[in-house]
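Number of protein chains: 2
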Amino acid sequence: MSQNNIPYKIYLSEDEIPKQWYNVRADMKNKPAPLLNPATLQPMGFDDLRPVFCDELIKQELDDTTAYIDIPDEIRSFYKMYRPAPLVRAYCLEKALGTPAKIYYKFEGNNTSGSHKLNSAIVQAYYAKQQGLKGVTTETGAGQWGTALSMASAYLGIDCKVYMVKVSYEQKPFRREVMRTYGASVTPSPSMDTEIGRKINAEHPGTTGSLGCAISEAVEVATKTEGYRYVLGSVLNQVLLHQTVIGLEAKAALDKYGITPDIIIGCAGGGSNLGGLISPFMGEKLRGEKDYQIIAIEPASCPSFTRGKFAYDFCDTGMVCPLAKMYTLGSNFIPSANHAGGLRYHGMSPILSQLYHDGYMEARSVEQTAVFEAAEQFARVEGILPAPESSHAIRAAIDEALKCKETGEEKTILFGLTGTGYFDIVAYQKFNDGEMSDYIPTDEELEKSFATLPKVNI
Amino acid sequence: MSQNNIPYKIYLSEDEIPKQWYNVRADMKNKPAPLLNPATLQPMGFDDLRPVFCDELIKQELDDTTAYIDIPDEIRSFYKMYRPAPLVRAYCLEKALGTPAKIYYKFEGNNTSGSHKLNSAIVQAYYAKQQGLKGVTTETGAGQWGTALSMASAYLGIDCKVYMVKVSYEQKPFRREVMRTYGASVTPSPSMDTEIGRKINAEHPGTTGSLGCAISEAVEVATKTEGYRYVLGSVLNQVLLHQTVIGLEAKAALDKYGITPDIIIGCAGGGSNLGGLISPFMGEKLRGEKDYQIIAIEPASCPSFTRGKFAYDFCDTGMVCPLAKMYTLGSNFIPSANHAGGLRYHGMSPILSQLYHDGYMEARSVEQTAVFEAAEQFARVEGILPAPESSHAIRAAIDEALKCKETGEEKTILFGLTGTGYFDIVAYQKFNDGEMSDYIPTDEELEKSFATLPKVNI
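Chains X and C, in that order, give the protein sequences. Residue numbers for the first sequence follow my numbering, beginning at 1 and rising by one. Residue numbers for the second sequence follow my numbering, beginning at 1 and rising by one.
Check each hint, because a few of them may be wrong.
[Stated by the list, open to error] Here are the simulated lysine to any residue pairs, SDA-like style, with alpha carbons at most 20 Å apart:
hint, chain 1, residue 1, chain 2, residue 2
1, X, K9, C, Y8
2, X, K80, C, P72
3, C, K19, C, P72
[To be verified] Here are a few chain X residues that sit away from chain C, every Cβ distance over 12 Å (derived from the structure):
hint, residue
4, L12
5, K29
6, D70
7, S77
8, G98
9, G383
10, N432
11, P441
12, N457
For the record, the hints were derived by calculation from the structure and aren't laboratory data. Being a predicted model, the structure only gives us computed values, none of them experimental. We treat Cβ as the ideally placed atom computed from N, Cα and C, and that holds for glycine.
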């Protein structure tokens, strides 16, 4: 079938929602490095991780050989509330750009959390309930992950405690109310409820917080409260595993019409969306079956792939969490205050870090005014008001499509549209009022941050 | 097929998006009464309406005999950006209620305007462009209609001027930014830009505005500005016509699985969603082919069906618009300040008013705390955070399902979920904080308002 006869939106049937997640680690020759105990700096096994994570999720975290892992029926039922997510052909954007490129996006925003985060939230809440726990704790940045976990917890009837990065808590108070509507408790981080929160507040008075700091607080509460475990919305191997429903559905939809993308683009904060989107394609690339150009897009203000170091680092500011080998800016890196939206984590998924290090994918950084220009252009022709995070991928997709316009190449571009911007209106208002600015950290700032990297000989 | 084997979401294919709107007036024995000229009190014809509305839309407004009207291809292309809208089986809500009832809802919230309003906005903007106009003016209440018209205007490249009810402009400033992102100008109403705005501000200092007043302003600007026409998001016959895509898709999806609803429920403000949803079913009822229980749900604080008079009244506060025969609370009725969300119009669609008057449908009013209780329950199990407007229908659907639980009846309930509540978080916060209150206008208040009804002998 010609790519001119593709529907605007390709929906799979509910039977075609994946029955298994795909574990890309099974096809990686160089496996991602193991997590290390922050006290002993030794690799952590199942028992070491039990105080923090649910048992079944630890198994998934450590399993780097099983290629396919079954999705429990109850989770597939939940997925049916908002999946399959549509694969959209961006006809109107193509027309507006005058490009010969064919642009597709996998849209994950048609649910109340407003993003793909729900795909992993329901899994982690499910296994917590299966283990007989009372509840879960977590951090949230822009609030998408916290909202997703609140929704999943409400659905399953377990408790949910969210530590929300203070700058987001203040700039995006409305997300707090959505989480409360779903029955979660929401605390701005750093708080005075935890040891690490009090310490950070004392050392950095007036801090606007960071994901790394909120993680420390949520982990502290989980390990000190009977019947609770900590769950995380990105970075971890298990999260990328759950998010492969994005890529598996996207690939199934493309395969149905015989379409092979040339370029695959995703925004990258901790890597959950990008990893989920690209995994099935990356699997083919790793097995030498097909080749794809795979591009991670990150903010110039938080450039972990493009300017970070590939090293062991703490996952959190408080240095209580396991260490991961990843591209990192240093665990006390905090993006400048003018940075809007998410993608503000100092590190990057160990899986993606290894793949990037081994040359299987590229990374680029973009500045936020250029990102919002792309967001506005996209919104006006495609109808969807995109999340700032997702708009990083839109920026790159538009740039690639414009290159095709110059060269005349009819490339097929696939990108991940992770969510909607309905709760990012403060940032849009700044952009509308011409008050948005860019910031790129200096080399000196980064060197200072790198100086906090732990010395690890492994 | 058993109703236990229905998917969670029934999606039609893009080919199945309706190719014609259905004009229920063609099947009505008692036609809705004609619009009257506010100066002469005589029925208005095509030429009388030309200063206010686009030509093609006037034809649709006046046509009460043609049963099916073709949808232009360019409008169907736009529809494909967010349609077909899913018909959802509320399995999780049914389970939570423990009801033998089968509950379905037609979900119109999967677009950035957050509601069904986009279905008519694109049509009205399209015909304005076809007529070579520069732009359109309109009013908006909660902001859904204004956002929808901004999106449609941006897509087609025409100008859009929105007068927004002041209380919504202040309580929901984020909608303003969405409209601005789509390039619209947004003015709080009553403003000082128009004669009628200045008059109302002088007579009612500190007024929070009303839809009726914003309509007056938008009409004044349209009639006094070269190349502009006025467009309206509800009430008018043409709007109900456009919105029949909701009911036509819902019916096609149900027919595909051999399902016949027993009860059809919709929220009613000006009647656009309700009229659109029920029209194809009402057509069968009017032709004596089938019977359905059809229920309009309105706020107890703005009870035009249940406590209004069926009489000719002004459509706007400024008394510059045509008069319509409808259920009305009087054109200067303004809901109490504690009323959250939309559904605040003083009148009701003349088509629906006639059908209600002739006994083809029922109406009920509900109080807003009960509405938000239903909204929260629905959100937690069905995942979607509903608009307050839509939650009126949820309240009634839950009540009917609970009746079935008592009687053991396995009724099939269809309701319209018009949109999402992402921009109604101030109201949700009030509810979460236990600060939401109810208000029912007294008989004396209504009598005072009825006293302003014009004397019309027709």
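Review point. Can you name, in rising order, the numbers of the hints this structure does not satisfy?
Key: 2, 4, 7, 9 and 10
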